[in-house]
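Undergrad: Taking the hints into account, I'd like the entire structure generated from these sequences.
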Amino acid sequence: MQEWASQLCENRQFGSKMTDSKYFTTTKKGEIFELKAELNSDKKEKKKEAVKKVIASMTVGKDVSALFPDVVNCMQTDNLELKKLVYLYLMNYAKSQPDMAIMAVNTFVKDCEDPNPLIRALAVRTMGCIRVDKITEYLCEPLRKCLKDEDPYVRKTAAVCVAKLHDINAQLVEDQGFLDTLKDLISDSNPMVVANAVAALSEIAESHPNSNLLDLNPQTINKLLTALNECTEWGQIFILDCLANYTPRDDRESQSICERVTPRLSHANSAVVLSAVKVLMKFMEMLPKDLDYYGTLLKKLAPPLVTLLSAEPELQYVALRNINLIVQRRPEILKHEMKVFFVKYNDPIYVKLEKLDIMIRLASQANIAQVLAELKEYATEVDVDFVRKAVRAIGRCAIKVEQSAERCVSTLLDLIQTKVNYVVQEAIVVIKDIFRKYPNKYESVIATLCENLDSLDEPEARAAMIWIVGEYAERIDNADELLESFLEGFHDESTQVQLQLLTAIVKLFLKKPTETQELVQQVLSLATQDSDNPDLRDRGYIYWRLLSTDPVAAKEVVLAEKPLISEETDLIEPTLLEELICHIGTLASVYHKPPSAFVEGSRGVQHKRLPGSAGSGESVESPDTGSAAGVSDAPPAVIPSQGDLLGDLLNLDLTPPATTGPPPPATSGMQLGAMDLLGGGLDSLLGGDLGGSSAMGAGFGAPPAAPAASFSAPVSGGLDDLFDLGGGVGMPMGAYSPPKTVWLPAMKGKGLEISGTFARRAGVIQMEMTLTNKAMSVMTDFAIQFNRNSFGLAPAGPLQVLTPLSPNQSIEVTLPLNTVGPVMKMDPLNNLQVAVKNNIDVFYFSCQYPISMLFVEDGKMERQVFLATWKDISNDNEAQFQIKDCHLSSDAVSNKLQGSNIFTIAKRTVDGQDMLYQSTKLSNGIWVLAELRVQTGNPTFTVCLKCRAPEVSQCVFQSYDAVLKN
Amino acid sequence: MISQLFILSSKGDHLIYKDYRGEAGSDVIDVFYEKVTALTGDQPPVVMSHKDLHFVHIRQGGLYWVATTTADSSPFSIIEFLNRLSGLVKDYCGSLSEKAIQMNFALIYELLDEVLDYGYVQTTSSDVLKNFIQSEAVSSKPFSLFDLSNVGLFGAETQQNKVAPSSAATRPIQSSRDPGGKSEIFVDVIEKMSVVIGSNGVLMKADIEGEIRVKCYMPSCSEMRIGLNEEFSVGKSQLRGYGAAVRVDECSFHQSVQLDEFQSHRILRLCPSQGEHTVMQYRLSDELPSAPPFRLFPSVERDSAGRLLMYLKLRCDLPPKRSVSLLPEGAGLSQELSSPDQSAELQLQNRTVFWKIPRLCGGTQLSALFKLDVPGLSSASMLEVGPVGLSFELPKWTGTGLQIRFLRLSPVHPGPSQRWVRYVTHSDSYIIRI
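Just so you know, the protein sequences line up as chains A and B, in that order. Numbering (the working numbering) for the first sequence: 1 to 966. Numbering (the working numbering) for the second sequence: 1 to 434.
Just so you know, these hints were derived from the structure itself, not from any lab. Errors might be hidden in some of the hints.
Claimed, not checked - Straight-line distance between alpha carbons at most 25 Å, and here's what the computed BS3-like set of lysine-lysine pairs gives: (1) A:Lys860 with A:Lys896; (2) B:Lys90 with A:Lys52; (3) A:Lys884 with A:Lys907; (4) A:Lys300 with A:Lys335; (5) A:Lys46 with B:Lys99; (6) B:Lys18 with A:Lys52; (7) B:Lys99 with A:Lys593.
Stated by the list, open to error - Here are some, though not all, of the chain B residues that point toward chain A, as calculated from beta-carbon distances under 8 Å: (8) Pro45; (9) Ala71; (10) Glu231; (11) Asp249; (12) Gln281; (13) Tyr311; (14) Asp428.
No residue lacks a Cβ here, since even glycine has one placed at the ideal position from N, Cα and C.
TA: Structure (structure tokens):
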């Protein structure tokens, strides 16, 4: 502050002219008194100067609220400049002095009737900014008048004032009918007024998602489009953003809107351009692709997007983030514009990296030569980060465009020749990926790679190189030496390298068993005995056991053919992409996150979706419809797939959780095991008897104690009743509920074990879970989420775990569910993928729910309706099943099923066989009709199911089976 | 929508602070300053978030212009708005500096009150705003026009050989209300070239981004007509007639420009409001009408002593009689120069050699020989010798060939009024690969 003041003093000396800066200089004590005196002065000029001083103090953060009454006294003036200053003060301090603020009300009311429209507007603008509840009611009358003012400047200010008032007191605004007046303003003759009314309504509508305040219909849209041509650039943005929320009725309407929005693309204001792009991108979804207009539109979109790149780097960056989205959605728009994304020498690094990313997305067979030439240039630039990205990009090109792979590889080899350390390392990492994508094609380069072994110092590059050596061990003469050289400093390596080295040596052993016994023994003992890293240890044990029990299986597992890696990397998930496209030009498009992720939740952010195509041909993922019949099976599951095959194996639950399991094994039995392993395992490999008999396996020594113990535990979770911790919840009456099973074993859940079941109690579907903490630390912050599923099951509330879960503690949780969530057909139908989060991590598991809990209470059909429906459903939809070993009478059966909402409508006895006719309704309205045949004395029942959605039959049958046998 | 707006000095002092929506306190100013000063070079500075608040900022005139928002609003419109706002402040206060802002805070608060309401941008047109603004600007330096006797001689339009001094365009617009103020109009054609020439001398990429900027100090607004080259064409398909048409790929106009005479006569009609505006922007990619202005003939080799030798020959292909000023250049990695008034230096931290050439005449060529001691120089590291970047300023020349045919004001103004047309081409990124 001192510095500030002295600088300001300097300014003061400057010239004899009066300057505002002198107001800042009053730092003496008692200045408040001085100001008070000046404010009460009779001279107008003096008053004005004093108010200026007050505002200056306010700006630098001094508290001048004590002057409130004196400043408000100055309000009654006809000097507009003074009035503005007083209002400025008022806006700042009214909130802290609510009682005093009332003093100002009279002046506001009077000013709102002033003959000068500037004063009327000023008053209405300021009074909305005084966020004091008490005075709002006094403002209603003046506001009402101003909304109907003859001067458009006042009307447009009043329109915004409604939004301000709504924020302070929503109820008041509704009661006073301001919303209707605001709606009328959409038809105002002045485009500025229209634009502000649209902005205000949009904002108010956001806090009432279902109010349909902004009733967008073809008439209003037409009005907006007319106003669009006339209003200021900023107004155009409000209107375009509002248009983007409209869903046209058909492709013709969509086309006509597009035609009227297109001229905005050549606007000089890039915000207008981007808002127009958003509208067009959205409405284009509705246009059939074979339409001529569609092609024209695509062509029109490219130039404005390119023009955005001529702005300042900051804007360029924002533009590139948006273009990145557009290119992912519709690459055809910019496919000919590759050159504009070439990196300029003087671009800031963040712009360079974005451009590089877009270049890769646009790379195709047609332009790959050009792109590669560029990338090669970039790889010799100065900036290390950028060079690395450029080298990676070459690898991505090779993977994306098959025809270019060869050229990419030779480019990479050229780069390796430069011997620049980080270039070589990046090149090796990407060459590994190229090997994965095109196996057995470019192995000739391995020799060159091996030359650079010593220079690699980054874990990722070392790991990549080791992978290559292991994978192609049979073609590298000195593979064992190479790997051995890495083994020397095994414990200093990062985990990534250690794991890779372990796998590579095992691969080598399986390929060249004779020369490498010692090596494999060494690595296994390093990994299992000398390492504290559980991942490494477990992988070591798994190999050990594999090699000792069944070397053939080991070969199958370790040397299995790997799935090809996917072509396109870093793609944004399609549903997210769709949502982001609806937010083009906004912060969401810069962060590449949906608004719900960063805008405060209270606003009720709605997820926007692109409209479905009305035209033929194109299969756009339609927004989910509620009915199960219409479920789409297109989008992939969100649950992340496991890494490679080995990763999968290792992620299975191997050992009981740490707290109960034995301590890490370092026994002498281990040593024995290690020796035996090489005895027997080698024989079987060398003997050529790859038939892999178990007798051979028996020749291997007993595997080390600890792994043996862990392997005796069941390997898969979720299936086995062994884990039935709930002990079979007794279910004398009511709906059948299966016993709890383990869904998330502690091993997979980092110590969190979840077992659970589903039940329907008093018409509410419940998920009953036991959470057990088997880790050493306290768990908190639990939350749960479901993936989309066949029947739209979703949690009806948050997961209630109120107290932290301390180690070894279990807690029973009941989570009520509803069936209004998003729908996606799963396989099997009753599969549910769940994500549970706690303070440690997020865990994914899937479980199957008995479909019987979806059977609703009003599932009893009228007899007549039953008969008609039974006939109506074609015989193709009929499925027949057998229920074996059931010793119940038909009445008992009927009672038991009734408990699970399977209702018997009629019973018929023919030839000693009871025929029960039953109906059931699923939560999504699907009816299932059944005919159950029970023959006295015969434990096998036959059930015949008819349903319009035959895919549920299997599940329903399973429920029959489960209910009847429990 | 914008929640708060503030202007900070480069040292983080609060110059202006205005809260529009009451969504956050003024303490976020310091949060912003901490964040922005902690940014490293490779992090995009555009949007930064703090809890629920997002900062969008630009730097103009050494000041931070910051807007905050809580909703998912458009960073484009905010950046665009901040740019306009800084332009407006410049127009009103004459220049952009800490001092100018401090001296005119009341005026700036008045402006802020009008341009934004509840965070919604209302207008940024100085024409509209002048009806509402009451305060008078205080100019930081007593404005002295360049020598008036000089001006009297060159009152004619499109002066080619006389350029108005650059200080002429930095003064507050409002002071032109004073009787006796000069009424002047400046029309600048500014082009930025980005060129990539491959190591084999082939032109790989050439782009020109240009704009026509009007700076108006007319007290009252009258209609202005700007005539462009008659053979000016837009888009790839419409070539008119023979010969060297002036062609651009795309152009966009300020919304105040009326284009009814553009199709037929290539005339832009507008009523310029006071202050600075970009009237037209255009872009040309790939096909330049003439050869690129500079060619470089590099040879890089290793001498027997293991030093890196770079021999650079630079040729200017502009028509003779045109001279280029200020031509510093950076090459990928000690030195001998062909003429005395040049200088060169080696910058170790970014591994570049700078060769500065104060002036270069059209049709001439310069050469330089750089010898560098590079430890451990191998044949492979020759590949590392990076591209040569040229930065230059070419006055009175446009890459596209766009010219202003005439500049007419109607009705003709009584009293003296000056019209200035200036052309300049900058290098945006002019890269010659080795």
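Undergrad: Take the hints in turn and mark each one as holding or not.
TA: Do the hints match the structure? See the list:
Between the alpha carbons of A:Lys860 and A:Lys896 the distance comes to roughly 15 Å, so the proposed pair stays at or under 25 Å and holds. At roughly 21 Å between alpha-carbon atoms, B:Lys90 and A:Lys52 fall within 25 Å of each other, so this suggested pair holds. At roughly 21 Å between alpha-carbon atoms, A:Lys884 and A:Lys907 fall within 25 Å of each other, so this suggested pair holds. Distance check on the hinted pair: A:Lys300 and A:Lys335 sit about 13 Å apart at the alpha-carbon level, within 25 Å; holds.
A C-alpha spacing of about 24 Å is found between A:Lys46 and B:Lys99, which places the hinted pair at or below 25 Å, so the restraint holds. Restraint check for B:Lys18 and A:Lys52: the C-alpha separation of about 16 Å stays at or below 25 Å, so the hint holds. Restraint check for B:Lys99 and A:Lys593: not satisfied, since their Cα atoms lie roughly 40 Å apart, outside the 25 Å limit. Given the 8 Å rule on beta carbons, the hint for B:Pro45 holds: about 7 Å separates it from the nearest Cβ of chain A.
Interface hint status for B:Ala71: upheld, as the beta-carbon distance to the closest one in chain A is roughly 6 Å, under 8 Å. With a cut of 8 Å, the hint placing B:Glu231 at the interface with chain A is violated, because the nearest CB-to-CB distance is about 21 Å. Checking B:Asp249 against chain A by beta carbon gives a least distance of about 7 Å; that is within 8 Å, so the hint holds. For the restraint placing B:Gln281 at the interface with chain A, the shortest Cβ-Cβ distance is roughly 6 Å, inside the 8 Å limit, so the hint holds.
Because the beta carbon of B:Tyr311 sits about 20 Å from the nearest beta carbon in chain A, more than 8 Å, this interface hint is broken. A distance limit of 8 Å between C-beta atoms decides the matter here; for B:Asp428 the minimum to chain A is near 7 Å, and the interface restraint holds.
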